[in-house]
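Trainee: Listed below are the residues making up each chain.
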Amino acid sequence: MPILEMRGISQIFPGVKALDGVSIKLYPGQVTALIGENGAGKSTLVKILTGIYRPNEGEILIDGKPTTFASAQAAIDAGVTAIHQETVLFDELSVAENIFLGHAPRTRFGTIDWRRINSGAKALMLQLESEIDPTIRLRDLSIAQRHLVAIARALSVEARIVIMDEPTAALSRKEIDDLFRIVENLKRQGKAILFISHKFDEVYEIAENFAVFRDGRAVGQGRLRETPQDEIVRLMVGRDVKDVFPKVEVAIGAPVFRVENYCHPTEFRDISFELRRGEILGLYGLIGAGRSELCQSLFGVTRPSSGRLVLEGKPLDIRSSGDAIRAGIVYVPEERGRHGLALPMPIFQNMSLPSLGKTSRSGFLKAANELALARKYAERLDLRAAALSVPVGTLSGGNQQKVVIGKWLATQPKVIILDEPTKGIDIGSKAAVHAFIGELAAEGLSIIMVSSELPEILGMSDRVMVMREGLAAGVFERESLSAEMLVRAATGNQ
Amino acid sequence: MNRLLKNREILLTVIIAAMIAGFATRAQGFASPGNLANIFNDTSILIILALGQMTVILTKSIDLSVAANLAFTGMAVAMTNAAYPDLPLALLIVMAIGIGAFLGAINGYLVWALRIPPIVVTLGTLTIYRGMAFVLSGGGWVNAHQMAPSFLNVPRMPVIGLPILSWIAILIVLGAWFVLTRLPFGRAAYASGGNPTAAIYAGIDIGWTKFIAFVVSGALAGLSGYLWVSRYAVAYVDIAAGFELDTVAACVIGGISIAGGIGSVGGAVLGALFLGVIKNALPVIGISPFAQMAISGIVIVLAVVFNARAERKAGRIILRDRGAKEVSA
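First to last, the protein sequences are chains A and R. Those letters in the first sequence? Residues 5 to 498, per the working numbering, in order. Those letters in the second sequence? Residues -8 to 320, per the working numbering, in order.
The hints are simulated quantities; they were obtained by calculation from the structure and are not laboratory data. Quantities reported herein were computed from a predicted structural model and do not represent experimental measurements. By construction, the Cβ of each residue, glycine as well, lies at the ideal position given by its N, Cα and C atoms. Careful, some of the hints might be misleading.
Non-contacting residues of chain R with respect to chain A, defined by C-beta distances greater than 12 Å in every case (computed) [what the hints assert, rightly or not]:
1. E0
2. L117
3. G152
4. I161
5. L174
6. N186
7. I191
8. I291
9. V292
10. F297
Chain R side only, calculated, beta carbon under 10 Å to chain A, not exhaustive [stated by the list, open to error]:
11. A12
12. P79
13. A81
14. N144
15. R173
16. Y181
17. S183
18. A193
19. G194
20. G252
21. I253
22. G257
Isolated chain A, as found in the complex:
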């Protein structure tokens, strides 16, 4: 009998159905691996289980009794605890304080019982086979040690269901082995564990059951021992992508941009590739593989430690984003809000911001030129706005994305880097963006498209470079492209 059962759970956000009738069961003393691409709905499920979202449909049963999690506290009280991808801890507090924050034991006068906090923390850390002194501050610990503290925090409440959201992402092999010993330990104590991971070898090592999510649906569940890996990859990728992305055939021209042995002190190493006129180079990899970091460095936001960039036969010395823009390389960032737009400023001023050199005359801003520039690209992108002088913040997400793209097109670049161009926008707008990317390539722009969505990568790219842990894990030509191959290269599973 499962400890926890979810039946027909749906979660709807404006414009997106993040989860669509998902059912899943978790059993005591067993690990269930949750597998799926980025955006398949795994994180949404975690948020429902931890009481952060309330599902629009479906029910949650604990020990066969229906329950609702009205708040995060309600989920904790029901015995659900989660260890998150990015550990949410406090650097300036001690290990013990971090573990017991929010549910610290009290003395009978209502003050915090420090003796019990520290001894309790010590006991929990020992249970995790760690000798960390509970009184030292968190900022003095390594990443792996912090992770242990996060696990200890999760176990400090009486939990029966433990969710681990990509717990191994930041850990070395030895630390992963330690973590798995802890998981085995938890299994023996009869806890039900939901283990989210991209890495198949780990999943097969630790989990008994699996559930594969795709596009918000649970597309396959079962016992791992009876299921070969190829089957899981197939479930994960699923559809025949060539139908969804009718690729515009573009005659690919001469090489335009070359990256040679490009290295960064911490994020990536030895990246070399060539980009031709009219070509779309897909850049695929898991989150944290170093793709965005590579692109930001190409754009001059961070400096490489070594390597060479060559644009149209001339070596480039890019020290700032201004240099990159002048050279003809632009970057459309992933996070519109954070990197892309100054929301209080009018649309036309946002659009003209990187092109002020062109629209100004002898050092003075020319509003008429800026408006003309903005009007041109607004028309081209079919931007819907009351007027170009209204603040960007008043536009919808899809239209904001158009402003960002228009802003960069207005600089008339040679190379355009698109970082997750369709993340967080609805399906209809996605198709429009894809069609537009095709048009850009047809006009002779060279495009680097970073995407975590396999169908997008497979459907749009002429070539695909896969990155894994900061290294180029392979370059694949369109003719020989397959989803299984990309996933293998990205997860390091041969």
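Dock chain R against the given chain A, drawing on the hints supplied.
Mentor: Just chain R, lined up with the frame of chain A:
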């Protein structure tokens, strides 16, 4: 947001007009053109400083050292004038602007190159500049009789009905409007505060932009140093003590967002005038100076609440926009 800002300016104008009308019922002649010109002249220095402060605040920084800068520069030009009465006034004014700009550049450099938070930098330099004024003067005063007649009289000279001091303020207002709306620097200032990351991505050097903003604020503080000493005909270490808070208050009342990136020259000017009217009116209708400070404080808090509400409203517009789109789709 633009429309809201315009509303803010209209609203402030209406409030100021209503206040003047209200005070006029209690004090004869308060609304007479002569008295209004007096109030404007009296507020001129605050307007100049508020515009410098606004430029800095737009870039998501703050300059707490303006009043100390003013005191040091004022002392320096007053002592120079006392020691060399024959130096032309134009040279003294250039000197005031230069010293002010240099002190501003120190702030700007520390913020830019050492990446120290502006509030910390200028809190430190506030004390340093004030201390330098003491070192320079040895705690002494420069009184009216030590100052040259031109030094004292030029700002008071009436030209087409207004003293030159008022005209200087008007010129600075026009200049600030031009710089912030017509020069790339102005745009860079709005962008750096509105979204620093996006500004970097658009090729804007935020550090340099902040540096220039501090130099502008310092130069205006230096100019105000001369104007202040001339107007009150005395220079000592503690002149304009605490005045930096009035400049910040004028900005906040005028709708300049402390978070950066939002605000207009008109707003800052109206914010300063609002404070100027209150300061001039309260003594006339017999309210004690202590109550005046409390009233100013209440007004500032109300302005902050108003700003916060205005920014929240902007959020609702986005939601409504999205909602409407879904319905129509």
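Trainee: Would you list, in rising numerical order, the hints stated earlier that this structure does not obey?
Mentor: 5, 6, 7, 11, 12, 13, 14 and 22
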